[in-house]
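There are 2 protein chains.
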Amino acid sequence: MINWSNMDTLASFRELSKADKVDLAAVMAGESGAERVKKYSVPMAKGLVYHYGAKQVDDKILDGLVKLAEEAQLADKFQALYNGEVINTGEKRLVLHHMTRGQLGDPVVADGVDKRAFYTGVQQKVAEFAEKVHAGEITNGAGEKFTTVVQIGIGGSDLGPRAIYIALENWARKHNTLKMEAKFISNVDPDDAAAVLNSIDVAHSLFILVSKSGTTLETLTNESFVKDALKNAGLDASRHMVAVTSETSPLAGSDDYLAAFFMDDYIGGRYSSSSAVGGAVLSLAFGPEVFARFLEGAAEEDRLSAGRDVRKNPAMLDALIGVYERNVLDYPSTAVLPYSQALSRFPAHLQQLDMESNGKSVNRFGDPVDYQTGPVIFGEPGTNGQHSFYQLLHQGTAIVPLQFIGFKNSQIGTDVVIEGSTSQQKLCANVAAQIVAFACGKEDENRNKHFEGGRPSSIIIGDQLTPETVGALLSHFENKVMFQGFVWNVNSFDQEGVQLGKVLAKRVLAHETDGALKEFSDLLNI
Amino acid sequence: MINWSNMDTLASFRELSKADKVDLAAVMAGESGAERVKKYSVPMAKGLVYHYGAKQVDDKILDGLVKLAEEAQLADKFQALYNGEVINTGEKRLVLHHMTRGQLGDPVVADGVDKRAFYTGVQQKVAEFAEKVHAGEITNGAGEKFTTVVQIGIGGSDLGPRAIYIALENWARKHNTLKMEAKFISNVDPDDAAAVLNSIDVAHSLFILVSKSGTTLETLTNESFVKDALKNAGLDASRHMVAVTSETSPLAGSDDYLAAFFMDDYIGGRYSSSSAVGGAVLSLAFGPEVFARFLEGAAEEDRLSAGRDVRKNPAMLDALIGVYERNVLDYPSTAVLPYSQALSRFPAHLQQLDMESNGKSVNRFGDPVDYQTGPVIFGEPGTNGQHSFYQLLHQGTAIVPLQFIGFKNSQIGTDVVIEGSTSQQKLCANVAAQIVAFACGKEDENRNKHFEGGRPSSIIIGDQLTPETVGALLSHFENKVMFQGFVWNVNSFDQEGVQLGKVLAKRVLAHETDGALKEFSDLLNI
Chain A
49 MINWSNMDTL
59 ASFRELSKAD
69 KVDLAAVMAG
79 ESGAERVKKY
89 SVPMAKGLVY
99 HYGAKQVDDK
109 ILDGLVKLAE
119 EAQLADKFQA
129 LYNGEVINTG
139 EKRLVLHHMT
149 RGQLGDPVVA
159 DGVDKRAFYT
169 GVQQKVAEFA
179 EKVHAGEITN
189 GAGEKFTTVV
199 QIGIGGSDLG
209 PRAIYIALEN
219 WARKHNTLKM
229 EAKFISNVDP
239 DDAAAVLNSI
249 DVAHSLFILV
259 SKSGTTLETL
269 TNESFVKDAL
279 KNAGLDASRH
289 MVAVTSETSP
299 LAGSDDYLAA
309 FFMDDYIGGR
319 YSSSSAVGGA
329 VLSLAFGPEV
339 FARFLEGAAE
349 EDRLSAGRDV
359 RKNPAMLDAL
369 IGVYERNVLD
379 YPSTAVLPYS
389 QALSRFPAHL
399 QQLDMESNGK
409 SVNRFGDPVD
419 YQTGPVIFGE
429 PGTNGQHSFY
439 QLLHQGTAIV
449 PLQFIGFKNS
459 QIGTDVVIEG
469 STSQQKLCAN
479 VAAQIVAFAC
489 GKEDENRNKH
499 FEGGRPSSII
509 IGDQLTPETV
519 GALLSHFENK
529 VMFQGFVWNV
539 NSFDQEGVQL
549 GKVLAKRVLA
559 HETDGALKEF
569 SDLLNI
Chain B
49 MINWSNMDTL
59 ASFRELSKAD
69 KVDLAAVMAG
79 ESGAERVKKY
89 SVPMAKGLVY
99 HYGAKQVDDK
109 ILDGLVKLAE
119 EAQLADKFQA
129 LYNGEVINTG
139 EKRLVLHHMT
149 RGQLGDPVVA
159 DGVDKRAFYT
169 GVQQKVAEFA
179 EKVHAGEITN
189 GAGEKFTTVV
199 QIGIGGSDLG
209 PRAIYIALEN
219 WARKHNTLKM
229 EAKFISNVDP
239 DDAAAVLNSI
249 DVAHSLFILV
259 SKSGTTLETL
269 TNESFVKDAL
279 KNAGLDASRH
289 MVAVTSETSP
299 LAGSDDYLAA
309 FFMDDYIGGR
319 YSSSSAVGGA
329 VLSLAFGPEV
339 FARFLEGAAE
349 EDRLSAGRDV
359 RKNPAMLDAL
369 IGVYERNVLD
379 YPSTAVLPYS
389 QALSRFPAHL
399 QQLDMESNGK
409 SVNRFGDPVD
419 YQTGPVIFGE
429 PGTNGQHSFY
439 QLLHQGTAIV
449 PLQFIGFKNS
459 QIGTDVVIEG
469 STSQQKLCAN
479 VAAQIVAFAC
489 GKEDENRNKH
499 FEGGRPSSII
509 IGDQLTPETV
519 GALLSHFENK
529 VMFQGFVWNV
539 NSFDQEGVQL
549 GKVLAKRVLA
559 HETDGALKEF
569 SDLLNI
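Residue numbers (my numbering), protein chains in the order written: chain A, 49 to 574; chain B, 49 to 574.
A hint or two may mislead.
[Stated by the list, open to error] Pairs of lysine-lysine residues, derived as DSBU-like cross-links and limited to a Cα-Cα distance of at most 35 Å, are as follows:
id, chain 1, residue 1, chain 2, residue 2
1, B, Lys125, B, Lys87
2, B, Lys566, A, Lys490
3, A, Lys497, B, Lys550
4, B, Lys566, A, Lys87
5, B, Lys490, A, Lys69
6, A, Lys456, B, Lys275
7, A, Lys125, A, Lys108
8, B, Lys125, B, Lys490
9, A, Lys115, B, Lys566
10, A, Lys490, B, Lys554
11, A, Lys140, A, Lys125
12, A, Lys193, A, Lys173
13, A, Lys115, B, Lys86
14, A, Lys108, B, Lys566
15, A, Lys125, B, Lys490
16, B, Lys222, B, Lys275
17, A, Lys86, B, Lys566
18, A, Lys193, A, Lys279
19, A, Lys550, B, Lys497
20, B, Lys554, B, Lys86
21, A, Lys222, B, Lys566
Quick caveat, the hints were computed from the structure, so don't treat them as lab data.
Kindly produce the complete structure, drawing on both the sequences and the hints.
In structure tokens form, the structure reads like this:
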């Protein structure tokens, strides 16, 4: 029997709030610090390890977090989710994105079909299509191969797939598996579509229109942009476009597309990277076998997330520590800092994933909650961030918990030795140094050069950023966000907060405005 | 006589803290909202206007802010700065970045030269060099024109110039003034340099090495990368490289460079976009006359910032409202949301500018302050953000003040009409709608669809994003951050918080570690 209770009604949370806080700078010093690094780590999928020794926790706090996980029934709730309960209560929907990469529990039948079979069927269809494109069996009107694939989508149809493409582009080039270059058009700003179209050879470009509902304003507008460009080039648009949409959308049966790949209502936009939304563009760019490896990494991490031993479940641990930081230590934001240029847009994806899922003020029954929910998420790759906003992270008046990600090896493998070390070693040395600088600080009589320390961080370390490890990372953060939503008792799978702006924008375009809205519309010449 | 006093010692600040708060949702409704939009705006340079009607202020709060500005002597402090006082007390340096674009006050002589003449002299040298490159008078070893310029720099040598390049790339293409494509190498991650080098034709590329000290680890490492690539292509590296550095750096007199353009210690990295740091790459990419137009926009905005009437000084008003939000309303972060895809990296530049300048815990004398200083800054372009993190901004438990930027016209001018409106109109309709949605909210019996409102925002509106308006925007935010630093009584021009990480990273590379640092170094295979 699952109880969906607010966090502040849980005895374990109240107990946790009263537990002694950890003096991070003290415990991370000397031999005690070394012991913590060895002790506080847990394996993830595909050789990744989640290290939380530099977080503001100790055995007592961790015991408290385990109790919180148990009282909040996190494992049971995840099980209910993957077994097909209606977890997205606001929209009365199942939540099945895990099923795009594996079957964690019972078969789930919805809309009269086995959903795992549905998702693998779509993957198969995407794979066959991609292979035909790569083999030159599906071509442009002149019988020539497509060389570029352009994703037209916004939000979850853009950020995740784009972040993953950037994460693997150099890897794929290195491994001779970059089949097509990918581009992305997202913004309704006409300069976005125009600039992308100016930068490609449209005659050899295949466009993927991604909209679950088939009604997303930005995406349909950008589709018109693309169709105009194709028409102006004397090309037949329907030979250059495919759709990723739901079976019930107006796009589904249209002759305007070479093919349509289906998604459904059980996968939210921000959780759709492992569905056809990510699958089509990534399979076309890298080949379906690379996308399959990505899914395999995510599936393995999902299985770890389903484990009931909190201390062996990295996503659950990460989630619980985050809740402790947000609600007991009262830290309002979190920075994601990958020491990998290839992950340059991964923070932007996590920003959507986290803030859109848990930026809520009501619980899953629509009642206001009396505690803070999702934090502000931001981040840039290291070492770039060190020369930018780290000043505030080290010496600002507010503490920002940090999530580092680092890899022992680069993707391309080209490197130089300067002063006895490679660039990759310098990169890794910097992230190690930062963790300790943040945690331990440094006394200095000159207060301007004094570092208080006590700034908590965790790091996920892997051998290399590969399709499998990108998949594992994605799953880790999706599941972390889900577990936090469970603790906060919010619905992490709807986004009612985006509706009001849409309604008002329509009113502006229809010139049905008054008051401040009319004034701003006039100022902007609408 | 200037008093450098902590904010909490000022009577005007204590009074402001006690003033009645504004119920934003109430005052922004109906006719009152329309009146506020008309009343609360102030012209900026080059046709931009700063609108703060949707901020949580009223005449009484604004009176309080004016008193705060006067008691904190903001205009006097800026005057002292541009007249050449040692405002960067930590490093005992003048602060002269304004002088790269104009002379606001007295001539300033330092190091035996008139600094305005020094900066314009460097600009002249850069312009002549760029013109020779464009004219094919300075060529590669084979006598062929350079087609690509690559900036090698990190932090302030990267973020600002990169953001400005992206802001103007499409504009320049449209106006046939894109002379060379620009690329940027910043991260010590070897995959950054390797990927950029793989993407260009090195034989026709000119590299700009940017390092004031000539000792920045990342930049020197990446220089080696580039020199290796040039050597491997059988090219003479010294014919492909220029340096932007200080006259005293080891790079200044080296034969390794075609030319050296000088900067000095009076311009901090994050304030260096209008110096040779931005000037070289932007003049080469767009032509020196475009860079001159950018400087002119910044100069005009600087003159407005120097005004003593707070209500006519947009940067000062923006700064004061930000302080009110940070210290009285207690909002810990701020989002920058340009409705312009071309400004996609402008938030990342402002993130450095703001967080590195004012993320401090000690005042300019090195004494700890008892109030919050710089907020966390983050942002992405709209409408993309609407489909990402806006959920939290609308319905999360914490309030995030917002800074919108919008333009009536696109840069490229290609557009489509769908459902009776252009994409540009849709873009503008969305930002107008968001401002009102955030401020006014919407009642709904279903609490999940309820919007509390009361979420403050301002918007800068312009006709178009051009070299002049980019310059004005840059100056506005630089001066805003400066004024906030004056109110908080911190030194906004040093960055001691970045030092500890550098020291520890060196120790890791020298294998001189123990405790947690040794453990993490081992985990990362260093």
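Quiz item: Within 35 Å, alpha carbon to alpha carbon, are Lys566 of chain B and Lys490 of chain A?
Solution: 17 Å, holds
Self-check item: Proposed proximity, Lys275 of chain B with Lys456 of chain A (alpha carbon, max 35 Å)
Solution: 25 Å, holds
Quiz item: Does Lys550 of chain A pair with Lys497 of chain B here, judged by a C-alpha cut-off of 35 Å?
Solution: With a Cα-Cα distance of about 13 Å, the restraint between Lys550 of chain A and Lys497 of chain B holds, given a limit of 35 Å.
Quiz item: Is the straight-line distance between the alpha-carbon of Lys108 of chain A and that of Lys566 of chain B 35 Å or less?
Solution: Cα-Cα ~26 Å, so holds.
Quiz item: Is the straight-line distance between the alpha-carbon of Lys554 of chain B and that of Lys86 of chain B 35 Å or less?
Solution: 56 Å, violated
Exercise. For the pair supplied as a hint, Lys115 of chain A and Lys86 of chain B, confirm whether the alpha-carbon distance does not exceed 35 Å.
Key: 56 Å, violated
Practice problem: Please work out if Lys193 of chain A and Lys279 of chain A have their alpha carbons no farther apart than 35 Å. | Solution: Between Lys193 of chain A and Lys279 of chain A the Cα gap is close to 19 Å, so the pair holds against 35 Å.
Self-check item: Hinted pair Lys222 of chain B and Lys275 of chain B, Cα distance within 35 Å
Solution: Holds, at roughly 34 Å.
Quiz item: Do the alpha carbons of Lys490 of chain A and Lys554 of chain B lie within 35 Å of each other, as the hint requires?
Solution: Holds, because 16 Å separates the two Cα atoms, which is no more than 35 Å.
Quiz item: Is Lys222 of chain A within 35 Å of Lys566 of chain B, Cα to Cα?
Solution: With Cα atoms ~32 Å apart, Lys222 of chain A and Lys566 of chain B stay inside 35 Å; holds.
Self-check item: Hint consistency between Lys125 of chain B and Lys87 of chain B [alpha-carbon to alpha-carbon, up to 35 Å]
Solution: 28 Å, holds
Quiz prompt | 35 Å limit on alpha-carbon distance, applied to hinted pair Lys115 of chain A and Lys566 of chain B | solution = Given pair Lys115 of chain A, Lys566 of chain B holds - Cα atoms ~33 Å apart, limit 35 Å.
Hint compliance for this structure: hints 5, 8, 13, 20 are not met, and every other hint is.
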